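Trainee: Chain by chain, the residues run as shown.
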Amino acid sequence: MENGQNAIVLAWGELYRTQRFGPNTVNRGAVLFECEWDGGRFESGAFVAGFFRSGEFAGGTFFGGFFCHGIWLGGTWEGGFDRHGRYWPRGENPAQGAACSTS
Amino acid sequence: MQHLVIASPHRYADLARLWHRWVMRDVAPAFRRAGLQADVTIFRDANSEQFTPELFPGVAFLDNGAGMRDHNDFYDAALGIDCDLLFFLDSDTFLFDADWACRHLEAFADPEVASVSLVSRKGRPAMFALLCRRAAYRELGPRPFRCRYEFPKDWPNGVSLENGDAATRELIKRGKKVLAVGLEESAQYTANFRSSTALRATREIIDAAAGDGAFDRCFRRHRAYTVPAHDNILLGCLYEALYGESFAPDREGKPLGGSATLEDLQRVVAAISDPDEIARLRERFRRSRQAILRMATREGVAIPIPAVFFDEEAEVREVASSSAD
Chain B
1 MENGQNAIVL AWGELYRTQR FGPNTVNRGA VLFECEWDGG RFESGAFVAG
51 FFRSGEFAGG TFFGGFFCHG IWLGGTWEGG FDRHGRYWPR GENPAQGAAC
101 STS
Chain D
1 MQHLVIASPH RYADLARLWH RWVMRDVAPA FRRAGLQADV TIFRDANSEQ
51 FTPELFPGVA FLDNGAGMRD HNDFYDAALG IDCDLLFFLD SDTFLFDADW
101 ACRHLEAFAD PEVASVSLVS RKGRPAMFAL LCRRAAYREL GPRPFRCRYE
151 FPKDWPNGVS LENGDAATRE LIKRGKKVLA VGLEESAQYT ANFRSSTALR
201 ATREIIDAAA GDGAFDRCFR RHRAYTVPAH DNILLGCLYE ALYGESFAPD
251 REGKPLGGSA TLEDLQRVVA AISDPDEIAR LRERFRRSRQ AILRMATREG
301 VAIPIPAVFF DEEAEVREVA SSSAD
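Here the protein sequences line up with chains B and D, keeping their order. Residue 81 in our numbering sits at position 81 of the first sequence, and the numbers go up by one each step. Residue 33 in our numbering sits at position 33 of the second sequence, and the numbers go up by one each step.
Take the hints with a grain of salt, since some may be wrong.
To be verified - Computed, partial: chain D to chain B, Cβ under 8 Å: (1) Thr52; (2) Pro53; (3) Arg69; (4) Arg221; (5) Phe310.
Just so you know, these hints were derived from the structure itself, not from any lab. Since the structure is predicted, the reported quantities are computational estimates derived from the model, not experimental observations. Every residue, glycine too, gets a C-beta built ideally from N, C-alpha and C.
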């Protein structure tokens with residue numbers, strides 16, 4: 001983890017479990033396992049079985065967690081739930097559905 | 001004549017070959033003897049090029065696409081297959097006595113019975129081996145089997161409904177019956193190497209997203225993978241004995257490199273100090289060994305079972321000899 005002047009950068013090769021990341025965080029390749037994401041920018045890496053409360057998902061893989069009020073800009077959706085607890089299968093995601101606004 | 005379709009989602013052709021071998025030899029013929037038309041459908045959830053008709057004679061394939069994006073979608077999509085009864089049998093679930101499964105068809109003489117779960121989850125109905133009346137589930141509307149999560153605001157302490165749980169609840173609300181075979185009876189007649197495919201898929205996905213080695217770091221810290229890793233080692237022992245090929249290889253062909261190797265597992269287990277966790281793992285490993293040895297006996301092959309704990313050899317021999325009795 002690099003702690004820059006304005007942002008914490010999670011880097012390639014790092015692994016985090018059950019941690020919470022705030023709006024000043026950028027992920028560039030780390031694996032986040034059962035973590036909570038609230039406001040930062042997810043650029044690459046894997047978000048596994050966590051709670052994406054808010055922020056931008058711009059790249060990487062979302063796998064088996066919750067996508068609540070984030071903004072989906074890109075990446076790979078491998079399955080997970082929207083903020084209502086509805087399941088979205090691989091290749092689809094809540095940002096594509098009218099029922100769950102993600103912005 | 002009632003028409004039954006045995007249906008299963010698969011991601012890896014090696015495990016599917018074991019499943020197919022058992023289903024085509026034992027399960028489908030048993031249902032035919034019971035007076036049903038029995039067909040077999042495999043959903044190719046991924047790696048579809050590995051699932052050639054030559055390796056899987058006698059089955060119909062379904063592939064992912066619109067309305068059937070992944071294995072969770074598959075259960076609902078299978079309700080579109082024209083048949084009377086569906087038998088969902090997961091890729092990691094095997095029947096030691098298919099006639100036993102057929103005997104549970106008698107329950108459907110009661111028109112209120114929607115399904116019989118032959119392998120339950122903690123005593124409750126589950127999808128692992130579910131005999132079901134197709135019409136009863138279709139009456140529930142679109143996507144009755146789909147998993148969901150209730151009270152997501154309470155994550156991670158909300159209520160996770162696995163595939164089929166919500167349907168069970170709705171069917172019971174409507175006065176239907178969803179039966180579950182008792183744990184003891186189920187254990188006598190079935191083997192269930194739960195999450196063995198999920199482990200391989202998770203490795204595949206995490207390594208693709210975060211680079212080779214990313215999953216290994218998860219594996220060392222996340223104990224939930226320990227039992228399925230052991231199960232894949234055992235399934236590999238049987239697979240290699242039957243086919244002379246590596247099971248769950250990685251891209252370079254390293255055996256079990258697509259799951260976790262014995263050495264990986266031994267390192268993880270050696271780092272565990274909690275005696276309760278060690279005892280729990282020993283018991284889980286013992287049950288899996290018994291299951292694979294029963295399968296090997298059915299196949300008429302001898303398989304070496306590697307030790308995971310350093311003091312385990314004697315236990316393995318004991319299980320092996322009792323299994324042969």
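Trainee: Each hint should be assessed against the structure and marked as holding or not.
Mentor: Going down the list of hints, with the structure as the test:
no.: 1; hint: Thr52; verdict: violated, 23 Å
no.: 2; hint: Pro53; verdict: violated, 25 Å
no.: 3; hint: Arg69; verdict: holds, 4 Å
no.: 4; hint: Arg221; verdict: holds, 6 Å
no.: 5; hint: Phe310; verdict: violated, 27 Å
The structure shown violates the earlier hints numbered 1, 2 and 5.
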